[in-house]
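One-letter residues, chain by chain:
Number of protein chains: 4
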Amino acid sequence: VAIDLNSDVGESFGRWQLGDDEAMLAVVNSANVACGFHAGDPTTIASTVSFAASQGVRVGAQVAYRDLAGFGRRFLDVSRTDLTNDVVYQIGALDALAKAAGTKVSYVKPHGALYNAVYTHSEHAAALIDAICSVDPGLPVLGLAGSALLQRASDRGIRTFREGFADRSYQRDGQLVPRTAPGAVLDEDSAVEQGLRLASDPTIDSICVHGDSPGAVQMAVRLRAQLLAAGHELASFV
Amino acid sequence: VAIDLNSDVGESFGRWQLGDDEAMLAVVNSANVACGFHAGDPTTIASTVSFAASQGVRVGAQVAYRDLAGFGRRFLDVSRTDLTNDVVYQIGALDALAKAAGTKVSYVKPHGALYNAVYTHSEHAAALIDAICSVDPGLPVLGLAGSALLQRASDRGIRTFREGFADRSYQRDGQLVPRTAPGAVLDEDSAVEQGLRLASDPTIDSICVHGDSPGAVQMAVRLRAQLLAAGHELASFV
Amino acid sequence: VAIDLNSDVGESFGRWQLGDDEAMLAVVNSANVACGFHAGDPTTIASTVSFAASQGVRVGAQVAYRDLAGFGRRFLDVSRTDLTNDVVYQIGALDALAKAAGTKVSYVKPHGALYNAVYTHSEHAAALIDAICSVDPGLPVLGLAGSALLQRASDRGIRTFREGFADRSYQRDGQLVPRTAPGAVLDEDSAVEQGLRLASDPTIDSICVHGDSPGAVQMAVRLRAQLLAAGHELASFV
Amino acid sequence: VAIDLNSDVGESFGRWQLGDDEAMLAVVNSANVACGFHAGDPTTIASTVSFAASQGVRVGAQVAYRDLAGFGRRFLDVSRTDLTNDVVYQIGALDALAKAAGTKVSYVKPHGALYNAVYTHSEHAAALIDAICSVDPGLPVLGLAGSALLQRASDRGIRTFREGFADRSYQRDGQLVPRTAPGAVLDEDSAVEQGLRLASDPTIDSICVHGDSPGAVQMAVRLRAQLLAAGHELASFV
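Protein chains in written order, with this note's numbering: chain A, 1039 to 1276; chain B, 1039 to 1276; chain C, 1039 to 1276; chain D, 1039 to 1276.
Just so you know, not all the hints are guaranteed correct.
[Stated by the list, open to error] Going by beta-carbon spacing under 8 Å, a handful of chain D positions derived as facing chain C:
no.	residue
1	Ser-1088
2	Asp-1115
3	Gly-1140
4	Ser-1172
5	Leu-1266
6	Ala-1267
7	Glu-1271
8	Leu-1272
[What the hints assert, rightly or not] Result set (EDC-like, lysine to aspartate or glutamate): computed pairs, CA atoms no more than 16 Å apart in a straight line:
no.	chain 1	residue 1	chain 2	residue 2
9	C	Lys-1142	D	Asp-1120
10	B	Lys-1142	B	Asp-1168
11	A	Lys-1142	A	Asp-1174
12	A	Lys-1137	B	Asp-1193
13	C	Lys-1142	C	Asp-1174
14	D	Lys-1142	C	Asp-1174
15	C	Lys-1137	D	Asp-1168
16	D	Lys-1137	C	Asp-1174
17	C	Lys-1137	D	Asp-1174
18	A	Lys-1137	B	Asp-1174
19	B	Lys-1137	A	Asp-1174
20	B	Lys-1142	A	Asp-1250
21	A	Lys-1142	B	Asp-1174
22	B	Lys-1137	A	Asp-1168
23	D	Lys-1142	D	Asp-1174
24	D	Lys-1137	C	Asp-1168
[As the list claims (entries may be wrong)] Where chain D lies over chain C, by a calculated footprint (3+ residues, C-beta under 8 Å):
no.	segment
25	1081-1094
26	1106-1115
27	1195-1202
By construction, these hints were calculated from the structure, which means they are not laboratory data. From the three backbone atoms N, C-alpha and C, an ideal C-beta is built for every residue, glycine too.
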């Protein structure tokens, strides 16, 4: 059975570089590309989707609250209607740049505070699904198992894929330990180990190997190698 | 022979309202919708394209420099690559919202300082055409007769439509008198008169009836009535 | 005993006009001037503080979450440190423009969602007080009676002034009925009546006559006239 | 005779880190701190001015065009009035954060495209000087010898300090070779050599050791050591 590796990319903005996207895109099968609301100016996006296309990596829309200063990591109490339209806008913008690069948006994943919010926030989860239904009901959504988002997506007939995080600690209820809490981010060895466990977990479709640490790429490379050594097939879920 | 009336719409932003879009969309055939870089938050855009669709008005992408504080009216010395990607991003974002409303982007028109720049600025004109070719080479461009933009579009096989302004004064060379100069904007009577002349000018495909004055809608209504009375057919150029 | 009338002003942004500031500044004693984070570009601010100075109206810093698209009306889960620095930045920016116009920032009032949040949100209330202590502990704060903000300000030795709203409905606990709820905004007659009651309430130092409706200025003019007729003295609380 | 070393700092923004400010602030005498228009969120600014204060480094306001996406490196055709107010706003915001950290704004230096523009652009040079006169006519300005900015500052009674760049190539007329041109940025050895020459040039008051390359700090450290070895005294010009 195949497992997918995904990572957040395209998170530079203008003069500011973030992450080693080319290295990460050589490792993963699916790329969650920032759409300009938390990160990702159009030229960054264009380069990212172009490189993803050249590597055969699938492009997903990593949609976010409109908050460049907070990198989309702060909850924003936006209305359902505004969030729906913000998400449609982001998917459309990314898709045009993706198509110009010979690829397209193949799935949607919420970013940062929106990702965490839609575990329970039914209005924001609904807004995300409304947006997907408006743009293309065939677009699947990638999210956390047990989230309101995936539940609501299923209810509306949207395909769902369940994600695990190699390098993040989980709470008992399945949510991530917040970044600001101690022990939220695992060290490299623990992350690789957790990644291997997740790959054998039938409830998980994709493993996120993104990390903010300088060692994120190295962890991803090691995990990929060990997954292949353990006989896993790596392939995008879409 | 049919003539087209066009207007800038969707130029509100969040709490700030600008223009009477519903009134204007009842008058024109083609709507140049702001794409978020000089004006137009996603919910404003969604409402605008939805109303345009309900009125049978064509939607155009009014692309601009990234400058909300200056409403896109200030020249920005952006690189050709960045401008290309900025324009692709804007067209894609608008198109997704338009498609969600049952319509689509049917043409591209530059806004404000970019509109003026591409009369002569060959790099920015080229960036606009590069963007159109990336998104859909079938998308026509609406611009000023004699501009570098229309010349370059023709050279690249992009269809061009030539625009006249009912309420703006022209310089001898065919460019608009800058807004900041005295006499740049005509009074209502003169604007209606100029609009009638433009409708009979075979070098003009569309008449812009946008205006910032409170009387813009009234001028547009009068011009439309007089055009119909004079036997003109009104229809979108696309 | 004197009562103060205050209003939100300087809430235009670039091309977008909002409110009739000159009319409102002829009525009130204290002007809550937007600082650029929810509204108020620097030229708008400069004109506003200049006109306020010419009318002898006190200038207050109306500080807000960083959210132009939402006009500061959406809760933003910003950290205490970031909010503190955001508020210092806003006060300093406004104060420089005020001083250039011959006046200065005389008090601080939170705007929109921040105003509502600091009724109970102790971290954001603390951030606001931290900011005031950093800039000038002599700056008083204007807020809602019973709010965590005023309590915490008192605890830290910051002078507090209590505000009532002429045109807004109150909940039983003293908080405002949210704008999105029915009956949140009173009609003009009720607002004038409520304003007269508030002026005789010894727990109220200032009456906010701001309103988003076109009739806001007219209500303010009527209330002012009736307050004077009833023998009240009108003067800024600072 | 003392020479000053200056560098651009505080150019991170939210999640995006840029430069090694702590290392650079251990080397220079004067710190040109970003004010939020091209870079520098309030928390970044607060940390930067706090560390500068702890090192005894003078704080200057590095004012810029409003252009986060372009890092202030793109000419923006803003009006004189708007630019004046934009600059007052930036100086005031930085000064409040600086005072909260126990220091203050001691001089003004334009950034990026504005720096280049005011070599010849008399309206933008005038706007900068108008802003300084509004805030504090005692604030000196740091700029390029021969620029319209310094000429106009002198004419208005503002103190001027002339800057040289260790690591940038010059054109015959004294302007910098644009960053986009080949050879615009010198290698480390050439930069140190040019820095030593500039320190002995009586027309130069301060040497800018900022650089975007990873080796910028190392060049600055080497230059500082060689200046001290050559008997130069290092001290801020203000």
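Ascending list of hint numbers which this structure does not respect: 1, 2, 3, 5, 6, 7, 8, 9, 10, 12, 20, 26, 27
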